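Enquirer: In case you want the letters, here they are:
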Amino acid sequence: MNKILKKRRTTVIINYLGIVAMLVLFYLVKSHILRTIYLVLEVIPIAVIVITFRTAFVKSSLWNMTHSSSKKLDEREMHVVLHATNISYSLFAIVTLLIIYLFILSNLGQIDAVLAISLLYIAHILPASIIAWNEKV
Amino acid sequence: MYNRIAVLRKERGLSRKELADKIGVNFQTIGYLEREEYNPSLDLAFRISECFDLPVEFIFSTKPMKPLSEELLNLKRGV
Numbered sequence: 009m010n011k012i013l014k015k016r017r018t019t020v021i022i023n024y025l026g027i028v029a030m031l032v033l034f035y036l037v038k039s040h041i042l043r044t045i046y047l048v049l050e051v052i053p054i055a056v057i058v059i060t061f062r063t064a065f066v067k068s069s070l071w072n073m074t075h076s077s078s079k080k081l082d083e084r085e086m087h088v089v090l091h092a093t094n095i096s097y098s099l100f101a102i103v104t105l106l107i108i109y110l111f112i113l114s115n116l117g118q119i120d121a122v123l124a125i126s127l128l129y130i131a132h133i134l135p136a137s138i139i140a141w142n143e144k145v
Numbered sequence: 407m408y409n410r411i412a413v414l415r416k417e418r419g420l421s422r423k424e425l426a427d428k429i430g431v432n433f434q435t436i437g438y439l440e441r442e443e444y445n446p447s448l449d450l451a452f453r454i455s456e457c458f459d460l461p462v463e464f465i466f467s468t469k470p471m472k473p474l475s476e477e478l479l480n481l482k483r484g485v
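The listed protein sequences derive, respectively, from chains A and B. Following the numbering used here, the numbering of the first sequence begins with 9 at its first residue and continues without gaps. Following the numbering used here, the numbering of the second sequence begins with 407 at its first residue and continues without gaps.
Hints listed in this document are in silico derivations from the structure and should not be mistaken for laboratory results. Honestly, I wouldn't trust all of these hints.
SDA-like, lysine to any residue: derived pairs with alpha carbons at most 20 Å apart [to be verified]: (1) B/Lys-423 with A/Ser-68; (2) A/Lys-80 with B/Lys-423; (3) A/Lys-79 with B/Ser-447; (4) A/Lys-144 with B/Glu-443; (5) A/Lys-144 with B/Lys-472; (6) B/Lys-472 with B/Val-413; (7) A/Lys-144 with B/Tyr-438.
Every beta carbon over 10 Å from chain A, so not counted as near; a handful from chain B, in silico [unchecked claim]: (8) Lys-423; (9) Glu-443; (10) Tyr-444; (11) Asp-449; (12) Leu-450; (13) Cys-457; (14) Leu-460; (15) Lys-469; (16) Leu-478.
One side of the interface only, derived from the structure: several residues of chain A facing chain B at Cβ under 8 Å [what the hints assert, rightly or not]: (17) Glu-50; (18) Asp-82; (19) Asp-120.
Keep in mind it's a predicted model, so treat the numbers as computed, not measured. We put the CB at the ideal spot given by N, CA and C, even for glycine.
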């Protein structure tokens, strides 16, 4: 595995860990395990998410690739994006289903805005993440 | 599928970007084609052959391709 691909994969992992950290901290405060003041610490995972998003998806042009019209892509790129979107669809369905079950079983209440926004963000970065994971440089 | 894109591109002194612009693909796609990690569509294969002004079967093959020097020598010997 070449260095650039390894670095890109690491950045993608850190990005997802940032989302998890942000959600865990939020729910720890919401469940009164931590005091409200700890919400200030959300700045750290959010900063991590923003920085790694820029590095892994924006600078590598993967965000453009997955979000541009098919007319702007060549046949290989279209094939790659289609494949990534197919995998993303399945993954996203599984993750969302698991979260819904988790909420039902653990009495966490309703799915709130923070989780909904995180899921929306994940839905948008999943295809780019799969491409970032698989594409050679 | 095997191809001679890398040899032909270098022979004509083209960069990957220049060839990509000529055939209307991203320059990274040229890398994938040259490494034989992506098989082009018939349309793209013909665009590449038109760009090099060579028949498609000279550029692409389903069998491993001999070096051009060897083919030339065979041609000279009439093999």
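Enquirer: Check each numbered hint against the structure and report the violated ones by number, ascending.
Expert: Per hint list: 5, 9, 10, 11, 12, 17, 19 violated.
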